[in-house]
Amino acid sequence: MTEYTWLVPLPVVVPLFGAGLALALYRRPRLQRIISVVALSVVLVVAATLLVLADDGPLVVDIGGWAAPVGIDLVADRLSALMLTVSAAVTLCVQLYSLAQGEADGDEAAPVSIYHPTYLILAAGVANAFLSGDLFNIYVGFEILLAASYVLLTLGGTGERIRAGSIYVVVALLSSLLFLIAIALTYAAAGTVNLAQLAERLPEIDPGVRLLLQVMLLLAFGIKAAIFPLSAWLPDSYPTAPAPVTAVFAGLLTKVGVYAIIRTQTLLFPEGRMDDVLMWAALATMVVGILGAVAQDDLKRLLSFTLVSHIGYMLFGIALASQAGWSASIYYVAHHIIVQTGLFLVAGLIERRGGSTSLDSLGGLAKLAPVLAILFFIPAMNLGGIPPLSGFLGKVGLLQAGVADGSWLALTLVVGGVVTSLLTLYALIKAWNKAFWQTPPEPLPDATLPKGMVGSAAALVVLGLALTVAAGPLYGYAERAAAALDDRSVYIQSVLPEGGRGSGESVDVAHGEEDA
Amino acid sequence: MIDMSPNLVLVGVIVVLVTAGVYLLLERSLSRVLIGVILIGNGANLLFLVAGGAAGRPPLVGLELERDMADPLPQAMVLTAIVITLGMTAFLLAMAYRSWQLHRHDEVQDDVEDRRIARLAARDQRAFEDADTEESTTTLDEEAAETRDETDEGGPGPAGVGARSGEHDRPTDDRGEGSR
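Same order as they appear, the protein sequences are chains A and B. Heads up: the first sequence begins at 61 in the working numbering, then just goes up one per residue. Heads up: the second sequence begins at 2 in the working numbering, then just goes up one per residue.
These are calculated hints, taken from the structure and not from any lab test. In this text the structure is predicted, and so the values were computed from the model without any measurement. The reader is advised that the hints may include incorrect statements.
[Claimed, not checked] If you want the ones that stay clear, here's a sample from chain B, every Cβ over 10 Å from chain A, calculated:
#1 Leu9
#2 Val16
#3 Val17
#4 Ala21
#5 Ile36
#6 Ala56
#7 Arg99
#8 Gln110
#9 Ala119
#10 Asp125
[Unchecked claim] Example chain A residues on the side facing chain B (calculated, C-beta under 10 Å, incomplete):
#11 Tyr64
#12 Leu67
#13 Leu70
#14 Leu206
#15 Tyr210
#16 Val211
#17 Thr214
#18 Ala232
#19 Ile243
#20 Ala248
#21 Ala249
#22 Asp296
#23 Leu504
#24 Ala507
#25 Leu509
#26 Pro510
For glycine and all other residues, C-beta sits at the position ideal for the given N, C-alpha and C.
Model the full assembly from the supplied sequences, consistent with the hints where possible.
This is the structure in structure tokens:
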């Protein structure tokens, strides 16, 4: 198995290298497109390979040959590999979509020369955050993807995007600062930022300090993941960006936050002292988010609110702190990344076809663009949790885990989850009725949809269906990933095999600190 | 063993930096927010230094005794954090400048949704007083187009922001972006 560890850094290195190359070739847009598609395809292949390999046990790389607790390590375990594969598939689809859009609009419409490098850096940052086995390196990954996201969100620098961007950037900076301070405190308390070593050392430090660290990290990740009281920035900033950018943000960025919560809660703070708080936060996120969605009359905003709302489901699974809850959460994250991104891409298509995303001015699309109607209807039903689609399976898993938990709080969450699910269905059906069935208030402009855009959106919808068809193996994989999360020794053992050191130089513990 | 009690002067400086930073973050103007971010960022960097223990000799194996060495790990992290903060500062600065180009100010504007809710509340208030409700047929889109420049009338508006109609004071907005 060790002969494949060289694969682990590739999802970070390849997009970064591609980004540099694409930036250097900014005068050759054709070449740029080829580079970015090739780089993202390579990442997808590598991630899929890692997905298979990691099933036999985590793959660990000590970067630069520096041994683990001092040097930085990348870990591809089942959870990371699954997240990586799903995100790679999504980034590739969105990239193809935006390429088709660029082709249809002509290259003058967007400053493509910086778009491709930035997008690749975003992909590298996401991969780094997923793979990192080191708290500080997670921070670096977050910063990479955030810096790229700032650029993508304010692309073109129009007044509306600067308005939305300033809110987004300030909130993201705040969460980064919180995260940085939390890391400093962690280092002060435990003398390490390596996740595996932290897992060993944190139980030894003062419980009060441990709680403080947990709360600080949860706050930082909670802002990124858009958990209710910290979610207000999201619905106002995402919808202003170009459709592919919104789609990839909605699919990936919040999930990176969710991933970080799963990782730290399970590995570092297994005693679960914040679980009740997380439960309440999950309930509030679900209900407040979906009520916001019901009130919207703009499709993109509506989808942004459903995004916030469904973060609550994942949080619910995490807060249950049982294997069943975690596996349902992991499956739900995979499902939600694909479905939500697909819906945003379709919203972009609707905007192109109907000239607007305001539900008041759309109408009659079912007759005008039946393919579009199908592309919207399937992921919408999926998100609403209609059986037998993957949204239903994920929700059933969560509800079962909640009932198995049996506490009144968990049962409240189960009820809240069902209500939220129904309200999601209501909000999406409302959108469906208005955009596709009502008589349009005034005739829609005559526009055709580029085949490439429809094709890549359709690819994501089909991928969402594939999650349903392959639900058995995938759910099994999620269950094994959750089991690995529960048994922390597997992770710790593979990062710090014997004597508490990873492979590579700096083997002596006493001399460890000289090697950073 | 290195003395691990924290340096009180540094702790005091961190407190001042973070306090001032939080105050500035709560301001409307992006340049003040920017200074706030820089201050808190530096506070966090100092916190890393405190976390690394007392200062010592350069950590060069073979040249210095190991027990005299400073802990290099937090210094490596601080270096990374400084670079990242620098990049973010540059971006925020560019964004503030762009905002100034477009609107002649660099203030963070209200959430459209917030303003809508505030306006609804204001309308309800009137309705309670004289039962004469005002009809509004604007959609969120139109409202967003109108309200994006509410801070143009000189300074962050005090209370009553929500009650203002915003239709008559549409300023020179971003349509003129190409003029510079």
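To see whether the hints hold, each was checked on the structure:
{"no.": "1", "hint": "Leu9", "verdict": "15 Å, holds"}
{"no.": "2", "hint": "Val16", "verdict": "12 Å, holds"}
{"no.": "3", "hint": "Val17", "verdict": "15 Å, holds"}
{"no.": "4", "hint": "Ala21", "verdict": "14 Å, holds"}
{"no.": "5", "hint": "Ile36", "verdict": "12 Å, holds"}
{"no.": "6", "hint": "Ala56", "verdict": "14 Å, holds"}
{"no.": "7", "hint": "Arg99", "verdict": "5 Å, violated"}
{"no.": "8", "hint": "Gln110", "verdict": "5 Å, violated"}
{"no.": "9", "hint": "Ala119", "verdict": "14 Å, holds"}
{"no.": "10", "hint": "Asp125", "verdict": "15 Å, holds"}
{"no.": "11", "hint": "Tyr64", "verdict": "29 Å, violated"}
{"no.": "12", "hint": "Leu67", "verdict": "25 Å, violated"}
{"no.": "13", "hint": "Leu70", "verdict": "22 Å, violated"}
{"no.": "14", "hint": "Leu206", "verdict": "8 Å, holds"}
{"no.": "15", "hint": "Tyr210", "verdict": "6 Å, holds"}
{"no.": "16", "hint": "Val211", "verdict": "8 Å, holds"}
{"no.": "17", "hint": "Thr214", "verdict": "6 Å, holds"}
{"no.": "18", "hint": "Ala232", "verdict": "9 Å, holds"}
{"no.": "19", "hint": "Ile243", "verdict": "7 Å, holds"}
{"no.": "20", "hint": "Ala248", "verdict": "3 Å, holds"}
{"no.": "21", "hint": "Ala249", "verdict": "8 Å, holds"}
{"no.": "22", "hint": "Asp296", "verdict": "5 Å, holds"}
{"no.": "23", "hint": "Leu504", "verdict": "16 Å, violated"}
{"no.": "24", "hint": "Ala507", "verdict": "19 Å, violated"}
{"no.": "25", "hint": "Leu509", "verdict": "22 Å, violated"}
{"no.": "26", "hint": "Pro510", "verdict": "25 Å, violated"}
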